[in-house]
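Here are the chains, one letter per residue:
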Amino acid sequence: MTKRDFIKTCSLGMGGVACGLTRFGIAGGLQPLLPGQDGSVQNPGKWSKEALFTAETPGGIKCLKCPNCCILDRNRTGRCRNRVNYEGKLYSIAYGNPCAVHIDPIEKKPLFHFLPSTRAFSIAAAGCNLACLNCQNWQISQVSPNETENVDLMPAAVVGECLRSGCESIAYTYSEPTTFYEYAYDTAVLARAKEIKNVWKSNGYISEQPLRKLCKVIDAANIDLKSFDDGTYRRLNGGTLAPVLRTLQVFREEGVWLEITNLVIPGWSDDPEMIKRMCQWLCASGLQDCPLHFSRFTPLYKLAHLPATPVATLEAARDAAIKAGIRYVYIGNVPGHLAENTFCHHCHRQVLERKGFAILQNAIEKGACKFCGGRIPGIWT
Amino acid sequence: MIEATGSPGEQLPSRQRALFAAVLVSGISAVVTQVILIRELISVLYGNEFVVGVLLANWMVLTGAGSLLGRRVPVPGQPTRRVVLLLFVSVILPSATTFLVSYGRITAFPPGAMIGFTDIVFSTLVLLSPYCLVSGFLFTSLVQAVSECSSPGSPALVYSWEALGSAVGGLLFNLAAVHLLPTFTTLALLAAINGLAAILLALRFGYRLQAALSGLGVLGIVIVVLAADPGTVAKQMLFPGQALVFHADTPYGALVVTEQSGQKNIFENSMLLYSTGEPVANEESVHYAMLQHPAPTSVLLISGGIAGTPKEVLKYGVTRIDYVELNPWIIALGRKLTDALSDPRIHIITEDPRMFIARTPERYDVALINVPDPSTVQINRMYTVECLRKLKNVLNPGGVVSYGLTGVSEYYGSQARRLHSTLYNTLAAEFRNVLVVPGEKNYFLASDAPLRSDVGKLTIERGINNTYVNPHYIDDRSVQERSRGIIKTFEKTAPLNQDFLPVAYFHQLEYWLAYFRGSPWISGMGAALLLGLIVARTNPVSFGVLVDGFAASSLEIILIIAFQILYGYVFEAVSLLIALFMAGLAIGSYAGRRLSRAQPMRGFIVVQFCLVLFCLALPLVLILLRDAGTDLFAVRGMIAIMVIVAAVLVGMAFSLGTRILPGSAGSVGGTLYGLDLIGSAAGALLMASVLIPLVGLIAVSWILAGACLIAAVIALLNRSTYATSEC
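Chains as they are written, first to last, in my numbering: chain A, 65 to 445; chain B, 90 to 816.
By construction, these hints were calculated from the structure, which means they are not laboratory data. It cannot be assumed that every hint is accurate.
[Claimed, not checked] With the Cβ distance kept under 7 Å, some of the chain B side facing chain A (calculated, not the full set):
1. GLY330
2. GLY351
3. TYR557
[Claimed, not checked] Derived lysine to any residue pairs resembling SDA-like cross-links, with alpha carbons at most 20 Å apart:
4. B:LYS404 x B:LEU430
5. B:LYS546 x A:GLY420
6. A:LYS172 x B:PRO560
7. A:LYS172 x B:GLU519
8. A:LYS419 x B:ASP543
9. B:LYS581 x B:ASP543
10. B:LYS577 x A:VAL215
11. B:LYS404 x A:GLU120
12. A:LYS172 x B:GLU570
13. A:LYS172 x B:PRO527
14. A:LYS419 x B:PRO368
15. B:LYS577 x A:VAL165
16. A:LYS419 x B:SER567
17. A:LYS172 x B:GLY496
18. B:LYS530 x A:VAL215
19. B:LYS530 x A:GLY420
[Claimed, not checked] Computed spacing ranges between beta-carbons, pair by pair:
20. B:ALA332 x A:ASP137: 17 to 25 Å
21. A:ARG298 x B:VAL311: 38 to 46 Å
22. B:SER431 x A:THR182: 43 to 51 Å
23. A:THR304 x B:ALA197: 21 to 29 Å
24. A:LYS434 x B:ASP543: 28 to 36 Å
25. A:ALA422 x B:ALA617: 55 to 63 Å
26. B:VAL710 x A:ASP137: 54 to 62 Å
27. A:ARG298 x B:ASN628: 37 to 45 Å
As the structure is a prediction and not an experimental result, all values here were calculated from the model. Ideal placement from N, C-alpha and C gives every residue a C-beta, glycine not left out.
Model the full structure from these sequences, guided by the hints.
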């Protein structure tokens, strides 16, 4: 082989490797992520905090926050992109640096049986431990906090802003609050001290120990039960089903007010038999009082080649849920639908008329139906 | 060096006639298969110029590789026998590959999910390789076969006949077949043509078995098409769980209508256009703008009418709605499936919207631009400052314009921000007031009159009764706060979106690429490295042919895009331009055999410099045409002439190159054809996918001039080396 042939062969090989690296996305992950904003050796960064729930292993530090159980080598980040192994310690780099701060009606979460007509001071830091093909907030969930433009809002400042804006609750939402657990937890503790409620809007993909600790400071949660099939969870969301089901059970055990959202996606999670099994499981697990929201899918992000969910499909899902024993079933993202309203599960009369985020008529008095006196599950004041 | 004698029109023995028929058929087959496959692939992938550029590049690289393989791989037996075999394979491959597009889409990727950039590159490379490698191999084999049949000058001869076949095939398909025949029927016809060419050639050369096999192959394809309806089967596979109500491959895209649980869904190239019973999208796209005008009577609606938007517009008591839709098939579907267009106040115009806006004498109070996001250069034309100027001319004083861009929910990523900033600034350049109303989409409203963001309250004031756009669902305070926040984040220095500098299209491309982790630029660097290695192995003449291939595809793309910008999207006209380009290649290749007999190298150098001058003059001509107005016959004629001139120059260069380089016909022909295609691939990829969106048409022309100048100078400096090899 001549020198020229050698150089040619190597160059060809490099070209092939470069193409291959892109194919397997390795190139994107080669860049180490240093914690904080300045990346200095001594100072991990203002928006970093040592992570909770870790374990040391020979391969690195294992994060125990969620079922992914990422093992992080030095200067490596986990799947959620906001845990970093820095100098042998695990840090969260999503602390005090939210990228999204808004005030939303509580019904938007959706929470229909929790402080209706109030407003939630809603925050999110970047990152997520799943990778849903249809993520509505992919611009903040599928990136790390180092890639978003953030505001400086430490836990005390969050509480201060919430009070200033007159919101009754703080919602940890938009991306995945499990990934900014420490920030959310510390904020929730301070919020409780000021009698502000805490709302957890999540995919439910969290380990039991951190969840039980969290339940001590959270007042209400809306969990996305994305499907009732493990294979679908893997292909659609990049996760598994069992941990989410366990999360629902833990919330119930810990007495946190729980509502569940199921996004019905044509061809993925609209199978009537699967929905029936899901509802039967919810009832068998004592979750029949938890409002269940069947939400209409619209093409989004990478799931762009599907139609919107037919309304008839959502209505059939609702009927199946009621038949299975779920007491409060709603249909979301279908403006003007009757199933936006609340019907007493005792006498079946309409006790709350909703249009969008507005309550037009309210027949619930002290948590009970005005007509029959039956208790309507929820936190109404 | 190949000596050129004889011409296609002279009397030829029957074997040679059969061979030239095979060459013609290979050209027809290649172009029709290419158009069909690329159209099918676009219908299942994301159909922007970036993806089209990747597909074309893959196509040309693979065909070029096939051609180079044909030169290098020692295949035993007569070249004519190989040609018959390859033609036989070409009977089956187009249909099989087309079917595999749908089958592969549904089996290899999650249902309904968008396919990422790197997956597009690699999966299409795999899918296209059988046909393209065969096609490239066929060219080399044809050159060898023609050469053996005492037809000297075979590479240029085969090149010109193949180009002629492509021109004829392109015209026949784009002007006739696409309107009259379903895809698989066209493919069955193509199989028949390939089969007939194979049978004719086999019989002339005494290969009876091959003739029989070819006949059987054709019969098989025809039976499958007639009995199994593979077109419907393929389309149904793409929409599992939905009942296929209608499908048609129109010149503007693949239209499919499905039904599921009573809801009808209309898809164009697998992207959902509309679903029935969608109040949110219909109301947002209409009411945010209509509420701004105190008493609208005349409304211009661009696209989206069959979804039900006219019904929303009519709530305001308007007397006239001009609904403009480019694709007449969509109108036909709308009339068949809905009653959205039944009101007599709705006037339907099937025409390019830009052209309509430029010529209509009507004046409007509100213009609702419901086109998709600027994901192609074609759609981008509706978002440019030039379009807005014309739009403003058709608005009454105080008229309102509305655009919708995909919303960004709770956070503006950098790519979305750049895109939305560009649109905002472009609107602000023409209108005194611009407002952003965040919703399921972000609606950009523009007017010289004041605009209000309290749309919920406006519905009460105006007495408009909506399902969604009302104070129950639209919290005015939240809208105002978010609107202010959004506008504050916009980049004030974001450039304006222009026809010849499609910035919005580039940002939309960035936004789409951001969906997928991993960088396409690494693939690009890898491809550039490989291209560099290929270039390193060329000589001054073959380098010139490579650059000319690059120039050929680049100029074709530039001229077609310029035509669409200036004159609008007219399918037949664009098809004609492509056919003219192919014809130009054929003419140029033939002329190159006749001219400069004594000194082909001198002729080659002259042609290279002519290309440089052409590329330098191109921007000036385009600007002149743009400013001269678009209703002149001269504009269309000028673009047609430029297309032909560019193609003739490139064809001549190829032909002269084959006469300069020493070696056998097959070897030289295969090498130059391969390099020509690889150059074309680089042009398709760089131009359509990267340079045009990044720097615009004008700058790209100058870059091209620079590349051609390098090739010209290298040829000039080495003229003495190749002067000794001239005949």
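Here is what the structure says about each hint:
1. GLY330: Since the shortest Cβ distance to chain A is 5 Å, the answer is holds.
2. GLY351: holds (5 Å)
3. TYR557: holds (4 Å)
4. B:LYS404 x B:LEU430: holds (15 Å)
5. B:LYS546 x A:GLY420: Roughly 15 Å between the alpha carbons, so the hint for B:LYS546 and A:GLY420 holds.
6. A:LYS172 x B:PRO560: holds (15 Å)
7. A:LYS172 x B:GLU519: It is violated: about 37 Å lies between the C-alpha atoms, which goes past 20 Å.
8. A:LYS419 x B:ASP543: Roughly 18 Å separates the two Cα atoms, so the pair holds.
9. B:LYS581 x B:ASP543: Roughly 25 Å between the alpha carbons, so the hint for B:LYS581 and B:ASP543 is violated.
10. B:LYS577 x A:VAL215: The given pair, whose Cα atoms are some 15 Å apart, holds under the 20 Å limit.
11. B:LYS404 x A:GLU120: With Cα atoms ~66 Å apart, B:LYS404 and A:GLU120 exceed 20 Å; violated.
12. A:LYS172 x B:GLU570: holds (17 Å)
13. A:LYS172 x B:PRO527: It holds: about 15 Å lies between the C-alpha atoms, which stays within 20 Å.
14. A:LYS419 x B:PRO368: holds (14 Å)
15. B:LYS577 x A:VAL165: This hinted pair holds, its Cα atoms lying about 15 Å apart.
16. A:LYS419 x B:SER567: Measuring from Cα to Cα gives roughly 16 Å; hence the hint holds.
17. A:LYS172 x B:GLY496: holds (17 Å)
18. B:LYS530 x A:VAL215: violated (25 Å)
19. B:LYS530 x A:GLY420: Holds - the C-alpha atoms of A:GLY420 and B:LYS530 are around 18 Å apart, at most 20 Å.
20. B:ALA332 x A:ASP137: 17 to 25 Å: violated (51 Å)
21. A:ARG298 x B:VAL311: 38 to 46 Å: Between A:ARG298 and B:VAL311, where Cβ atoms are some 43 Å apart, the hint holds.
22. B:SER431 x A:THR182: 43 to 51 Å: holds (45 Å)
23. A:THR304 x B:ALA197: 21 to 29 Å: Hint holds: Cβ distance 23 Å, inside 21 to 29 Å.
24. A:LYS434 x B:ASP543: 28 to 36 Å: Given a distance of about 34 Å, which is inside 28 to 36 Å, the answer is holds.
25. A:ALA422 x B:ALA617: 55 to 63 Å: holds (58 Å)
26. B:VAL710 x A:ASP137: 54 to 62 Å: holds (59 Å)
27. A:ARG298 x B:ASN628: 37 to 45 Å: violated (54 Å)
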